[in-house]
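Heads up: the sequence shown begins at 261 in my numbering, then just goes up one per residue.
These are calculated hints, taken from the structure and not from any lab test. Check the hints yourself; a few may be wrong.
Claimed, not checked - Taking lysine to aspartate or glutamate pairs in the EDC-like style, the calculated list, with each CA pair at most 20 Å apart, reads:
no., residue 1, residue 2
1, K287, D277
2, K474, E440
3, K483, D343
4, K336, D277
5, K474, E412
6, K451, E284
7, K474, D343
8, K483, E454
9, K336, E412
10, K311, E330
11, K451, E412
12, K474, E454
13, K311, D296
14, K288, E330
15, K336, D388
16, K474, E448
17, K451, D277
18, K323, E284
19, K287, D343
20, K451, E431
21, K311, D343
22, K483, E448
23, K323, E362
24, K474, E455
25, K323, D277
26, K483, E463
What the hints assert, rightly or not - Pairwise CB distance ranges (calculated):
no., residue 1, residue 2, range
27, E412, K474, 42 to 48 Å
28, L361, R398, 41 to 47 Å
29, K287, T400, 21 to 27 Å
30, H317, T450, 37 to 43 Å
31, G364, H306, 22 to 28 Å
32, E412, K451, 17 to 23 Å
33, I309, S334, 20 to 26 Å
34, E412, E455, 17 to 23 Å
35, D388, P423, 27 to 33 Å
36, G302, T472, 22 to 28 Å
Here a beta-carbon is modelled for each residue, glycine too, at the ideal position from N, C-alpha and C.
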Amino acid sequence: MAGTLYLVPTPLGNLADITLRAIEALKKADVVACEDTRRTLGLLNHLGISKPLWSYHAHSPGKRPRQLLEALQSGKAIALVSDAGTPGISDPGTSLVQGALEAGIPVVSLPGPCAAIAALAASGLPTDRFFFIGFLPRRTARARRVLSQAAENGGTVIVYESPFRTAGTLELIGTVAGPETPVVVVRELTKIHEEIIRGTAQEVLTRLQGRTLKGEVVILFRK
């Protein structure tokens, strides 16, 4: 009998955000598949849980997905986690979910922390319609095209970005949507140095000039 693939959200930063159901899923899992074994080990140690950890990330060799699917097909329960937030959202978990579904393996998604939704809720921008991009392409021309298409969607656009590329992305947003476009930059969600910066694309860019940002960044805007 096939096992079950559990998608288990983990805290964005504040460990108190782990849910009771997530803890239960981690306890009953035979294997925990994770991006960074060291980071997940720290979470499990905090929870007093000991489980085999299998690395599963964007650079995992081709045999790893097969090993996970074989384990599921043999009846094992696998908890899939990302470094932070909900697995499968802008991380390689999507392909494992697709493989499990194609093999007829049950997939159970647990609700929990998600940077995109938390940032949207706190942004003050309209939430009636939104367009999640995730991480932009590295090439400027492609990133500009993606942002332009998203801006024409008519909803709030959500982008994941590194702190080092935030200023460049704000410049692109000002170019494709206009310098007066409402923008919100959310940094270090749920952590000690959480920061939310609101204003127009130009205003936010000006406020960030000369600063060295750290941590995870979510950028939202609505044309």
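Exercise for review: With a cut-off of 20 Å on the C-alpha distance, tell me whether K323 and D277 pass.
Suggested key: Outside the cut-off at roughly 33 Å; violated.
Check your understanding: Measuring from beta carbon to beta carbon, are L361 and R398 in 41 to 47 Å?
Key -> violated (30 Å)
Check your understanding: Between K483 and D343, is the straight-line Cα distance small enough, at 20 Å or below?
Key -> Distance ~32 Å between K483 and D343 Cα, so the pair is violated.
Point to revise | Hinted pair K336 and D388, Cα distance within 20 Å | key: violated (40 Å)
Review point. Taking only the CA atoms, is the gap from K451 to E431 under or equal to 20 Å?
Key: Status violated; Cα separation ~26 Å.
Check your understanding: Does E454 lie within 20 Å of K474 when you go C-alpha to C-alpha?
Key -> Judged against 20 Å, a Cα distance of about 11 Å means the pair holds.
Review point. Does the Cβ-Cβ separation between I309 and S334 fall within 20 to 26 Å?
Key: holds (22 Å)
Check your understanding: Is K311 close enough to D296, meaning Cα to Cα at most 20 Å?
Key -> Holds, at roughly 14 Å.
Review point. Between E412 and E455, does the C-beta distance stay in 17 to 23 Å?
Key: Given about 29 Å between the Cβ atoms, the range is violated.
Review point. Is it true that the CA of K451 sits at most 20 Å from the CA of D277?
Key: Answer holds: K451 to D277 is near 11 Å, not above 20 Å.
Review point. Given the hint that K311 pairs with D343, does the C-alpha gap stay at or below 20 Å?
Key: holds (16 Å)
Check your understanding: Holds or violated: K336 with D277, Cα cutoff 20 Å?
Key -> The hint is violated at about 27 Å.
Of the numbered hints listed earlier, those contradicted by the structure are 2, 3, 4, 5, 6, 8, 9, 11, 15, 18, 20, 22, 25, 27, 28, 29, 30, 31, 32, 34.
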